[in-house]
Amino acid sequence: MSIDESTAAKVAKLARIKVEDDDLPALAAEFNTILGFIEQLGEVDVDGVEPMVSVTPMRLKRRVDEVTDGKMPDKVMSNAPDAREGFFAVPKVVE
Amino acid sequence: MTRESSLNRFGLSGARDLLRKGEVSSVDLTNACLEAIEGAGVLNAFVHKTPEIALERAEAADKRLAQGDAPKMCGLPIGIKDLFCTKGVPSQAASNILEGFKPEYESTVSQKLQDAGAVMLGKLNMDEFAMGSSNETACYGNVLNPWRRDNDDAQLTPGGSSGGSASAVAADLCLAATGTDTGGSIRQPAAFAGITGIKPTYGRCSRWGIVAFASSLDQAGPMTKSVRDAAIMLEAMCGHDPKDSTSADLTVPDFEAMLTGDIRGKTIGIPREYRMDGMPDEIEALWADGRKMMEDAGAKIVDISLPHTKYALPAYYVIAPAEASSNLARYDGVRYGHRAKLAQGDGITEMYEKTRAEGFGPEVKRRVMIGTYVLSAGFYDAYYNRARKVRTLIKKDFEDAFAAGVDYILTPATPSAAFGLGEMTDADPVRMYLNDVFTVTVNLAGLPGVSVPAGLDKQGLPLGLQLIGRPWEEGDLLNAAQVLENAAGFVAKPSKWW
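Read top to bottom, the protein sequences are chains R and H.
For the first sequence, this note's numbering gives the first residue as 20, with consecutive numbering after it.
For the second sequence, this note's numbering gives the first residue as 261, with consecutive numbering after it.
It should be emphasised that the hints constitute simulated quantities derived from the structure, not laboratory data.
Just to be clear, a hint being listed does not mean it is correct.
To be verified - In silico lysine-lysine, BS3-like type, Cα no more than 27 Å apart, as pairs:
| id | chain 1 | residue 1 | chain 2 | residue 2 |
| --- | --- | --- | --- | --- |
| 1 | R | K37 | H | K625 |
| 2 | H | K656 | R | K80 |
| 3 | H | K362 | R | K94 |
| 4 | H | K526 | H | K503 |
| 5 | R | K111 | R | K29 |
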């Protein structure tokens with residue numbers, strides 16, 4: 020499977036990372052090198068093997084469904100690039 | 261040199277013993293480290309210094325020591341990798357995208373160390389988001405290894421991603437440091453810098469408050485000047501945390517008390533697949549020496565096979581980027597960190613795309629995009645699910661070896677000694693990835709692994725050996741590591757040039 024420039028552009032879009040058109044050929048070439056390395060996995064017989072979900076066989080702990088934290092909007096917002104009146108501010112989302 | 265000005269050279273156990281005897285104070289120890297840090301700017305290991313916090317905690321520690329209610333690490337000055345969130349102190353995973361981020365909370369592991377009385381000196385450099393093996397991807401610039409070759413002054417990498425931690429401990433800027441390990445990021449830099457580093461079993465240390473890279477692989481661990489120090493610090497870091505659903509609800513043993521020095525009757529496996537083509541003779545010789553040392557200590561050596569070893573790195577380079585692409589989606593310029601300046605008419609998508617393009621470095625972008633690709637519709641089964649199946653097989657290789665009676669597995673820690681900064685710049689990314697060839701299997705299988713300095717190569721650079729243990733048996737593993745440490749008798753230190 021070889022990645023061309025348009026696929027590289029599509030992946031960049033999906034990842035929400037702006038890549039200039041001039042940089043696409045180099046990016047596609049890097050993808051191909053890494054994917055070429057990954058292709059080796061095709062040699063392994065994985066018939067009937069379960070994909071790993073959890074490396075340590077443990078049951079996730081349950082807890083009571085109750086509020087354990089909160090009431091600290093100032094702390095939650097303290098690192099925001101743009102916070103106003105208790106909200107995170109972003110550019111217009113809906114036209 | 262006066263004793264006060266060389267206190268930074270102590271390890272955790274030596275300093276602890278002097279503190280308990282009242283022969284030194286934590287303030288003295290802390291000042292010695294702060295002075296060493298000031299004089300070592302060129303190494304670029306400490307990137308956010310916290311001398312006020314350090315001295316405040318040192319004074320509190322001295323009071324507790326005097327009152328006789330000192331916890332186990334009381335008064336011991338350490339460095340914290342920049343990946344750990346520390347309350348009110350910059351924590352940016354060496355990335356521009358987290359520039360200015362000061363967490364309102366403390367990671368569980370750094371809180372536990374604080375509760376154990378440890379004194380934080382500052383934050384340590386690392387590869388951006390822990391992605392790298394040479395500490396050349398940090399927004400703070402490269403870290404220098406205090407070790408240099410005998411015959412030239414070339415700047416060498418301390419390894420990565422915990423390169424700042426390795427450099428700081430090796431150069432005696434702190435008594436010990438925290439690291440994290442996703443594919444070898446504690447053990448490879450420990451080997452490159454001639455120190456000890458252990459990655460515990462997945463689930464031993466809480467991941468809460470540690471900036472996530474690949475959640476199914478990430479584990480924190482100590483980087484120290486001796487195996488005993490690693491036992492002391494690991495105990496303080498471990499333990500169940502309700503805030504991390506994968507943290508194990510198991511009792512944490514007194515690891516230091518388990519260092520008996522006796523490994524008679526234990527069985528040590530030597531995996532034949534770790535004998536790589538093109539491996540330097542010196543690594544091969546060191547491995548053979550290690551085998552002999554364990555044999556002399558009364559262990560039985562057996563050859564074993566871990567047949568899927570070859571596929572560990574390719575599986576890792578699917579799974580880790582896949583998880584990273586998901587974890588790093590949170591850096592969107594909304595809640596914290598960097599937000600790009602927008603042009604007239606830019607909407608929210610442009611904000612995301614520009615923010616992430618500006619904030620992430622090239623290696624992080626590469627991995628996020630590879631992860632996005634292997635998770636995308638049509639490739640999920642071919643790449644991601646296949647890699648997870650191979651991961652099952654890699655874990656089974658280890659389970660089979662342990663079921664056959666093997667107690668520990670002995671391997672080289674790295675395929676080479678520390679290399680020069682910039683040496684890999686023009687190489688393709690895969691060549692850099694090969695650094696983790698001996699360590700990455702351990703993350704995929706969730707096992708504990710420790711790197712112990714065991715010798716010098718002919719250019720005078722340290723080399724490490726790795727011991728891999730059964731799940732949850734870090735105490736037993738550290739005991740074997742200490743036997744290796746004693747037999748190897750590694751005492752070399754880098755000569756001070758900085």
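A quick look at each hint next to the structure:
1. R:K37 / H:K625: holds (10 Å)
2. H:K656 / R:K80: Holds, at roughly 25 Å.
3. H:K362 / R:K94: Given pair H:K362, R:K94 holds - Cα atoms ~10 Å apart, limit 27 Å.
4. H:K526 / H:K503: violated (37 Å)
5. R:K111 / R:K29: holds (24 Å)
When each numbered hint is compared with the structure, a violation occurs for hint 4 only.
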